[in-house]
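**Student:** If you want the building blocks of each chain, they are given just below.
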Amino acid sequence: MERKDVKIEIRGLSKILNNRKVLDGVNLDILEGETFVLIGQSGVGKSVLIKNLIGIMHPDAGTISLDGELIDYENVEKSDRARRKFGMLFQGGALFDSLTVGENILFPLDHLRGELSDAQKEEKVLRALEMVELPGIENLMISSLSGGMMKRVALARAIVAEPEVVLFDEPTTGLDPITTSTINDLILTLKKKLNTTFVVVTHDIGSAKYIGDRIGMVYRGNLIFIGTPRDLENTDNEYVKQFVRGASEGPITDEYNANVASIIRQSREAAAERKRR
Amino acid sequence: MNSIIQRFRDYLHDIGQFTLFSIEALRFIPYNLRHPKELFINLMGIGLKTMPMIAVTSIFYGLIMGLQLSDALEAIIAGTSQFIGSALAVALVKELGPILAALLMVARVCSSVTAQLGTMRVTEQIDALSTFAVNPMRHLVTPRILAGMISLPILGFLSVVVAFAGGAVMVISVYGVTPAVFWELAQYPLKIRFVIQSLIKMVIIGGYIMLIATYQGFKTKGGAAGVGESTINSVVTSSFMVILLDFILTAMFIMFWK
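Protein chains in written order, with our numbering: chain S, 4 to 280; chain Z, 83 to 340.
Please keep in mind that the hints were generated in silico from the structure rather than gathered at the bench.
All of these numbers come straight from a predicted model, not from anything done at the bench.
Each residue gets a CB set at the ideal place from its N, CA and C atoms; glycine is no exception.
There could be a bad hint or two in this list.
Here are the simulated BS3-like cross-link-like pairs (lysine-lysine), alpha carbons at most 27 Å apart as the crow flies [as the list claims (entries may be wrong)]: (1) K24/S <-> K119/Z; (2) K124/S <-> K303/Z; (3) K24/S <-> K303/Z.
Far from chain S, some chain Z residues (derived; all Cβ distances over 12 Å) [as the list claims (entries may be wrong)]: (4) P118; (5) V204; (6) A210; (7) L211.
From just these sequences and the hints, can you work out the full model?
**Tutor:** Encoded structure:
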């Protein structure tokens, strides 16, 4: 494999939400031009990780660098520069339902690419819709779209301002198998056309192996595995094995059950304590 | 005991959050005056579209007031219903018009603003805004607060005029007071000071209830149930604050500007 430059460098990233350490000192390098897929169960902090990248959440500790430059979302000027380099596809699309499809896709251009003329912006909107294979729907309202179409429009909005890194939060969750594979194919096609860095969060192993150049598995706030789809098949890590097989028995469920048991015990103790008073 | 302390701390935390939110929102007023696109959109939604509702409610409000007050006054001393003109003019300008308009605005606008922003929050639309380098406070909150500050005085003024007309219709048609006498007596106790004080009250109350509505929308959590919860909080808190702020401001006017 040719040597690629590091695009995003994450060092010691920690995030605490509701008194729980969701991310616990994550170290990760994402390479220029690759598709890096983060897998893991729901609620292990995959989405939190990419939300820290794009500045929707701010890390409690640790640093994120983009092209060797530290990202600082507290600093308005620096954060605007960083945001121009990122595009994000949200889990539910997060399309503005008060606007039409065209206005939704125009929105990032208006705010991130103010230097373009109106004609150039319009041309980019139409091209983005063509790229996601939905030409000519720019005048529809968001509410009239199906789930798969919404994902595509959201994808068009994420790539229209030509970001250097596109983040995908669960691109195929909630879609039927056929739409899932068309979205996966679309991601691969876009990858060829745009040649940018993709970071995808998913818990769908099939999608991960299909679109990913490298895969990382998040467990309990940290990466417990990084490797190619082939490495994923051949790993000795019992946690990864259980997740990939989708088995109901294994170290992940054992720890989960122990955790549930301790929560139940605590709540029982608390209830007994209340009764005593 | 611990839970009481915890709740008190949560309460203080909430007040702190609201204060920071308010400061942040007011900071973007100059920007929104320079780029008034969102402000105009919200003026339409908050102000213009509330006008028919205010007008219809106020006319019946006026008719009822005219009828009830004249009836009461006639029962005490027959032939005195022309003085209702004075009573209506002062009461409507000072309190009834602004408060009616403010409460109707809470019912129609605060609820919808909170539900809309709350839904935007839980569907990540607010997060999406910040990924396009658009500050959600600047784009969603400040224009609505400004629109509230501008709309409520206009709506209140409309309410005063329409309700007064309704009252006049009743007193003139049912009790046979001549329009000239009614008009004369209505103007007599009014002072320009009352109008200015009333306008100041409405600017402050209009901004404040939109601040509550947007704050509740922004801190929404947890799906449809969360949006419902926020909307209740928004309507209850802002209805109460309308009356409380009115009381505080009226007391201050009476103490310092009489």
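**Student:** Far enough from chain S: is every CB of that chain over 12 Å from the CB of L211/Z?
**Tutor:** The claim is violated: L211/Z sits with its nearest Cβ about 8 Å from chain S, within 12 Å.
**Student:** Are all C-beta atoms of chain S more than 12 Å from that of P118/Z?
**Tutor:** The assertion about P118/Z holds, with a minimum of 16 Å to chain S.
**Student:** Taking 27 Å as the top limit, are the C-alpha atoms of K24/S and K119/Z close enough?
**Tutor:** violated (42 Å)
**Student:** At 12 Å, judged by beta carbons, does V204/Z keep clear of chain S as stated?
**Tutor:** violated (9 Å)
**Student:** Could you check that no beta carbon of chain S comes within 12 Å of the beta carbon of A210/Z?
**Tutor:** violated (4 Å)
**Student:** With the threshold set at 27 Å, check whether the alpha-carbon distance from K124/S to K303/Z stays at or below it.
**Tutor:** violated (35 Å)
**Student:** For the pair we were handed, K24/S and K303/Z, check the Cα-Cα distance against 27 Å.
**Tutor:** Holds: K24/S and K303/Z sit about 20 Å apart, inside 27 Å.
The structure does not agree with the numbered hints 1, 2, 5, 6 and 7 stated previously, though it agrees with the rest.
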